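Chains as they are written, first to last, in UniProt numbering: chain A, 1 to 198; chain B, 1 to 198.
Be careful, since some hints might not be right.
Treat identical chains as interchangeable: a pair holds within one or across any two.
In silico EDC-like cross-links for lysine to aspartate or glutamate, where the CA-CA straight-line distance does not exceed 20 Å [to be verified]:
id, residue 1, residue 2
1, 55, 12
2, 42, 125
3, 55, 70
4, 23, 8
5, 23, 121
6, 42, 95
7, 23, 12
8, 55, 65
9, 23, 184
10, 23, 150
11, 55, 125
12, 55, 8
13, 42, 184
14, 42, 158
15, 55, 67
16, 55, 121
17, 23, 95
18, 55, 36
19, 23, 181
20, 55, 38
Hints are computed from structural coordinates only; laboratory data are not their basis. Note that the structure is predicted; figures quoted are calculated from it, not measured.
Residues per chain are reported as follows:
There are 2 protein chains.
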Amino acid sequence: MMPASLLDQLVDALRVLPGVGPKSAQRIVYQLLQRDREGAAKLARTLADALTQVKHCTRCNTFTEAEICERCLSPQRDPAQLCVVEMPSDLAVMESTQAYRGLYYVLMGRISPLDGVGPRELQLDQLLARATDGLVEEVILATNFTNEGEATAHYLGEMLRARGLRVSRIARGVPVGGELEHTDLGTVAQAFAERRGW
Amino acid sequence: MMPASLLDQLVDALRVLPGVGPKSAQRIVYQLLQRDREGAAKLARTLADALTQVKHCTRCNTFTEAEICERCLSPQRDPAQLCVVEMPSDLAVMESTQAYRGLYYVLMGRISPLDGVGPRELQLDQLLARATDGLVEEVILATNFTNEGEATAHYLGEMLRARGLRVSRIARGVPVGGELEHTDLGTVAQAFAERRGW
Ligand SMILES: [Zn+2]
Ligand SMILES: [Zn+2]
């Protein structure tokens, strides 16, 4: 068998992108090599840089280029409140509501047995260590109201209450089955205000 | 203003991909950095390699890593026939029909005034030089049957006939408005067999 050409390798490598099949990978290759080589070069460079330089904040677990992210270092945030979200995009939604002044922990996922993601894969030890730093008084669970987000919230609630922490869940103002990222800010703000003991 | 973070730069760089907006770029970033760093690294590497090593065949203009591609060098192909297609994917469709044993010229586009692509942008001089090599007896126009593909075929027909070349056009078996890439092979093969003087 002949070694695959660079073009075939590139078509193959593009399949790493969500939703890209062989046909659209082919189209993307032509687009990149024929129409926008400069943009393509920038993409290759930025992606390589991000892979080496972007890591996880040792406190909140979100993506950052620093050891500890700016938000975690800010003296303006209330260290007594810790809001747990699934993804950085959920954190961004919470911030946009301007309803919250505490700190965050980003799970970078959710418990999802079908995808083989359990408590171990989510590295929940790290959340536990973070939540029991002696300053955190309340952990606010802001995972999505999907089945997986709810299961995650239940698991986290039990785990954190067992350590004597006060735990709350944002109110089910977010539609059942809905995701924070696709909910209007007002609803998310209200859901935060109406959080209940968990 | 703060310099954009590497993550923001990567979200921005991903916009070079066709159909990728800010939201899906964000999703792709999480997918790449969180779920498949190995695949992402391979993508960055392969894309950079392709950009430096993939060029155009000096004879048929398709993508290749060599000066002249394998097909153009093959003694098995009939040098008296030259089939002109818009894109490498169209060439692949023609080859799949196994109805053609001549050589190709790939325009890497089509005449499209709305996109600012005219004869000059398509570098048709190169096609003209290729078609007048003394060996080519017939040029078969296999551009798409879209408005732009038809306009391109008309232009090429006049240009090539003016040089005394015999020009044919694959038959309109391909549905009007249709593209080769989305046509079944039988129809494409028939369209080839029924090509007519142009
Ligand atoms: Zn942080
Ligand atoms: Zn060639």
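Hint check:
{"no.": "1", "hint": "55 x 12", "result": "between (26 Å within a copy, 19 Å between copies)"}
{"no.": "2", "hint": "42 x 125", "result": "neither (37 Å within a copy, 31 Å between copies)"}
{"no.": "3", "hint": "55 x 70", "result": "within (14 Å within a copy, 44 Å between copies)"}
{"no.": "4", "hint": "23 x 8", "result": "within (12 Å within a copy, 28 Å between copies)"}
{"no.": "5", "hint": "23 x 121", "result": "neither (33 Å within a copy, 26 Å between copies)"}
{"no.": "6", "hint": "42 x 95", "result": "neither (30 Å within a copy, 34 Å between copies)"}
{"no.": "7", "hint": "23 x 12", "result": "within (11 Å within a copy, 24 Å between copies)"}
{"no.": "8", "hint": "55 x 65", "result": "within (6 Å within a copy, 36 Å between copies)"}
{"no.": "9", "hint": "23 x 184", "result": "between (35 Å within a copy, 15 Å between copies)"}
{"no.": "10", "hint": "23 x 150", "result": "neither (37 Å within a copy, 24 Å between copies)"}
{"no.": "11", "hint": "55 x 125", "result": "within (18 Å within a copy, 51 Å between copies)"}
{"no.": "12", "hint": "55 x 8", "result": "between (31 Å within a copy, 14 Å between copies)"}
{"no.": "13", "hint": "42 x 184", "result": "neither (34 Å within a copy, 37 Å between copies)"}
{"no.": "14", "hint": "42 x 158", "result": "neither (46 Å within a copy, 40 Å between copies)"}
{"no.": "15", "hint": "55 x 67", "result": "within (8 Å within a copy, 42 Å between copies)"}
{"no.": "16", "hint": "55 x 121", "result": "within (17 Å within a copy, 44 Å between copies)"}
{"no.": "17", "hint": "23 x 95", "result": "between (39 Å within a copy, 17 Å between copies)"}
{"no.": "18", "hint": "55 x 36", "result": "between (29 Å within a copy, 14 Å between copies)"}
{"no.": "19", "hint": "23 x 181", "result": "between (29 Å within a copy, 10 Å between copies)"}
{"no.": "20", "hint": "55 x 38", "result": "between (27 Å within a copy, 15 Å between copies)"}
Consistency note: the structure conflicts with the earlier hints numbered 2, 5, 6, 10, 13, 14.
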